[in-house]
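**Q** Chains S and V, in that order, are what the protein sequence lines are.
Residue numbering for the first sequence is 1 to 258, as defined by my numbering.
Residue numbering for the second sequence is 259 to 791, as defined by my numbering.
To be clear, the hints were calculated from the coordinates, so they are not data collected in a lab.
Keep in mind the model is a prediction, meaning the values are calculated, not measured.
The reader is advised that the hints may include incorrect statements.
[Unchecked claim] Computed, partial: chain S to chain V, Cβ under 10 Å:
id: 1; residue: 57
id: 2; residue: 71
id: 3; residue: 74
id: 4; residue: 86
id: 5; residue: 91
id: 6; residue: 104
[Said to hold, decoys possible] The calculated lysine-lysine pairs, modelled on BS3-like cross-linking and capped at a C-alpha distance of 25 Å, are:
id: 7; chain 1: S; residue 1: 122; chain 2: S; residue 2: 112
id: 8; chain 1: S; residue 1: 7; chain 2: S; residue 2: 237
id: 9; chain 1: V; residue 1: 324; chain 2: S; residue 2: 20
id: 10; chain 1: S; residue 1: 122; chain 2: S; residue 2: 221
id: 11; chain 1: V; residue 1: 384; chain 2: S; residue 2: 92
id: 12; chain 1: S; residue 1: 221; chain 2: S; residue 2: 237
id: 13; chain 1: S; residue 1: 176; chain 2: S; residue 2: 245
id: 14; chain 1: V; residue 1: 785; chain 2: V; residue 2: 692
id: 15; chain 1: V; residue 1: 406; chain 2: S; residue 2: 92
id: 16; chain 1: V; residue 1: 491; chain 2: S; residue 2: 92
id: 17; chain 1: V; residue 1: 406; chain 2: V; residue 2: 384
id: 18; chain 1: S; residue 1: 7; chain 2: S; residue 2: 25
id: 19; chain 1: S; residue 1: 241; chain 2: S; residue 2: 221
id: 20; chain 1: S; residue 1: 25; chain 2: S; residue 2: 245
id: 21; chain 1: S; residue 1: 221; chain 2: S; residue 2: 245
id: 22; chain 1: S; residue 1: 176; chain 2: S; residue 2: 237
id: 23; chain 1: S; residue 1: 112; chain 2: V; residue 2: 406
id: 24; chain 1: V; residue 1: 406; chain 2: S; residue 2: 95
Glycine included, C-beta positions come from ideal geometry on N, C-alpha and C.
Letter by letter, the chains look like this.
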Amino acid sequence: MHLLEIKSVNKIYTTPEGEKVYAVKDVSVIADAGEFVAILGPSGCGKSTLLRITAGLDQPTTGEVLFHGQPILAPNPRITMVFQNFALLPWKTVKENVLLALRSRPLSDLEKEKIADNLLDKVGLRNFEHHYPGELSGGMKQRVGIARALSVNPEVLLLDEPFSALDEVTALDLRKQLLDLWQEKKANDSYVLITHLIEEAVLLADTVYIMSHRPGEIIGKVRINLPRPRFQHHRTKRFFKECDKIQALLQQNTNITV
Amino acid sequence: MRQRWIVFWTLLFLACYSYVLFRAWDHPETEILPLYALGSLSRLIFTYLICLAFGLTVGIFAAMNKRAGDIIIPLLDILQSVPVLGFFPFAIIIIVPVFGFVTASILLLFTSMAWSVVFGVIAGVKAIPQHIQDMAAIFDIRGWAYVKNVVLPSVYGPLIAGSILAFGGGWYFLIASEYVSYGTHAYTLPGLGYYLNIASFQYADIWMSLAGLFTIGLVVFLVHRLVWLRLDKNAREAKFLNLHFGYDRGVDLPKHHTARATHPHRRVHFNRRHSHQWFFNLFKFPTRTYVTWLFVIALIILPAIYFTNQSVDISIQELAILLLRSFLRILFAYVIAIIIAVFIGYLLIRRPETRKVVMPLADVMQSIPALAYFPIIYLVLSSFLPVDVTLEIASVLLLLTGMLWYLLFNVMEAVEHIPEDINEISRLYRLDGKVYVANILVPAMFPALVTGSILAFGGGWNAIIVSEYVNIGGHVHSIPGIGSALDSVAGTTGNVATLLFMLFGMTTVVLLLNHFVWRKLLNHASKYVLEEE
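Build the full structure now, drawing on both the sequences and the hints.
**A** Below, the structure written as structure tokens:
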């Protein structure tokens, strides 16, 4: 049994003119325990819809998403998400934002505080816990987002283009930090990343699923066999060879990627 | 430098104020002027608290429950565009005998204040972006926790903005609601509106009128400065604003994150990016819903006319002519108002330094409810003009002062928010003079002019009710129109059927205009909204 299995999911919208549009078409993705999966595709190919379905925020028209073999019908406490736009509440401090995520966990206040402190420490925001998001840079905000997501100790972490709102230098730094955090846990957690950047997918993932634009369907799957820790192999010949492989797959579909 | 001017103006005001009070002291009412102020203010605050409770519960419910919202929001829109003052004569005849005048006046005050509050709340909830809602679902923040941690803070800013509008509208109606006289009977409540009305219509004393006007101005100004501006400033703090700005903007938040956007009444301070958008989206419900509600209202009013067992003593043609007369009066005032507003908008762009004069002046002037001018305008003009001419001029002036601010504030806001790059383009390509006005200025102001016009016309229909009719010591002067017709029916025959019929006619005209003229323009205007990015 796989930890997470997206099984022939279709999401169909009806336009006001009565036309049926596939946002996601017959997508199947598997994420095993301890695996880092990336779903790569151009903007608007339905990959965010797919992620929202995986999180239980939206329901597929047909098909299903299985978590430990059970279909996901609503958000699950063991599956969590890092948002593209951070999704921090501006009127709560950094620490309050993290604590709010722990609200419904069966823990004492003291334990919750400890978890929050520990994670904020890990992402290097110890001294900013009483700041408001508005006072932080984008990179720092996303660190809060990551700390918040990890605080609930998820088995599946969904990452919705988590670095696309950041400049490249900051993004690179955060990618490294994310990998470190994932590696450090050594647990059987699986990460599912949505991205439109080939290099980001190759740097982070074990398996890259490639989606096309309209309808959003899987056009290929590439296993990245670069050894870990990855950062040492960043921008090597092997690294770019993997990138080229994906590039070629996307190229074949340029007629539909627009 | 600035401080010196503030001291100067304050001293000047106090000097004039004391002189006016001194001259008005002959009348025993002047002595208890502070009590009148307190009376008005406490009635206003009491009604506001009811509005707040209503706005939060209904607003949050309508905005969070899609099915309920589809029904409630169009109804709220219809209710807010109905000229409330038109229902005054009706309320006097129906509610006063049963519940008394205080209840009637508070109920009417409520109908003038509640909509801004409830629409503020709805706007706040609707502005919560999808990713925040997703986040709450992911981390299991539901029910009361969601309301407390997400909804209420997002509502805070728009709620304050809506409350400022509500208070503006409230002062306006308060003036009208404290002294209502039909025929030989006068219904009064102790307050500034009462003082002002007896000053002009009973004593015909200009000093007393001025004392009332100054006092109203002072109270309104102080409440605005000491309460609302502070709360508003608080609501504009970074932590309440950047819900939508997830992207990397670093520590240096843009200074003009906010805009006073458009709103069913006057102006609302909002997150720029969503401000116009929510206004356009909020009122984009299908014609079907709208027509259904109109039917429901007709189904209530028409049988009600039947059950009064009275005959409607006005024909449809007569009613149509009255409505047309009033409409033309409003239109005339509107044309003048829009010319002034556009001209000032042009001045502000061409000579930005005029802003320093226009802004504070407009801020002070708009805080005095237009109805407060009416008795004074009437008193001054009638001293040297025939009554009919006086009333005609006074009525247009009242309409004008009521309408101008809606247009002016919207235009000023639009001018202020023409993005820098658009101005740069016009400089780069040397677009000036007529080309600039036609291609940049007017399109840039267009959404603001449309929304301002909707609000101005709404205010106009309200003001028309009280501006066509005065009752001086039992002696009635009026000019023909729907407003005077409503007032005189209430004052003479008290024929409820006729009143209902006229109200139904007026409401229908207002709603049809809204739906077929303004909404079309609004849809068109939504294409002109400048995005700030």
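**Q** Just to be careful, I want the Cα atoms of residue 406 (chain V) and residue 92 (chain S) compared with a cutoff of 25 Å; is the pair within it?
**A** holds, 12 Å
**Q** Keeping to a limit of 25 Å between CA atoms, is the pair of residue 221 (chain S) and residue 245 (chain S) held or broken?
**A** holds, 10 Å
**Q** Do the alpha carbons of residue 7 (chain S) and residue 25 (chain S) lie within 25 Å of each other, as the hint requires?
**A** holds, 11 Å
**Q** Once the shortest beta carbon distance from residue 71 (chain S) to chain V is found, is it less than 10 Å?
**A** violated, 17 Å
**Q** Hinted pair, alpha-carbon criterion (25 Å max): residue 324 (chain V), residue 20 (chain S). Please report holds or violated.
**A** Given that 25 Å is the threshold and the Cα spacing comes to 23 Å, the pair holds.
**Q** Is it true that the CA of residue 221 (chain S) sits at most 25 Å from the CA of residue 237 (chain S)?
**A** holds, 21 Å
**Q** Is residue 25 (chain S) within 25 Å of residue 245 (chain S), Cα to Cα?
**A** holds, 23 Å
**Q** Starting from residue 491 (chain V), check that the Cα of residue 92 (chain S) is at most 25 Å away, please.
**A** It holds: about 18 Å lies between the C-alpha atoms, which stays within 25 Å.
**Q** Is it true that the CA of residue 785 (chain V) sits at most 25 Å from the CA of residue 692 (chain V)?
**A** It holds: about 22 Å lies between the C-alpha atoms, which stays within 25 Å.
**Q** Straight-line Cα separation of residue 241 (chain S) and residue 221 (chain S) no greater than 25 Å?
**A** holds, 15 Å
**Q** Holds or violated: is the Cβ of residue 57 (chain S) closer than 10 Å to a Cβ in chain V?
**A** holds, 5 Å
**Q** Does the alpha-carbon distance linking residue 7 (chain S) and residue 237 (chain S) stay inside the 25 Å limit?
**A** Since the Cα atoms of residue 7 (chain S) and residue 237 (chain S) sit roughly 35 Å apart, the hinted pair is violated (cutoff 25 Å).
When held up to the earlier numbered hints, the structure conflicts with 2, 8 and 10 and fits the remainder.
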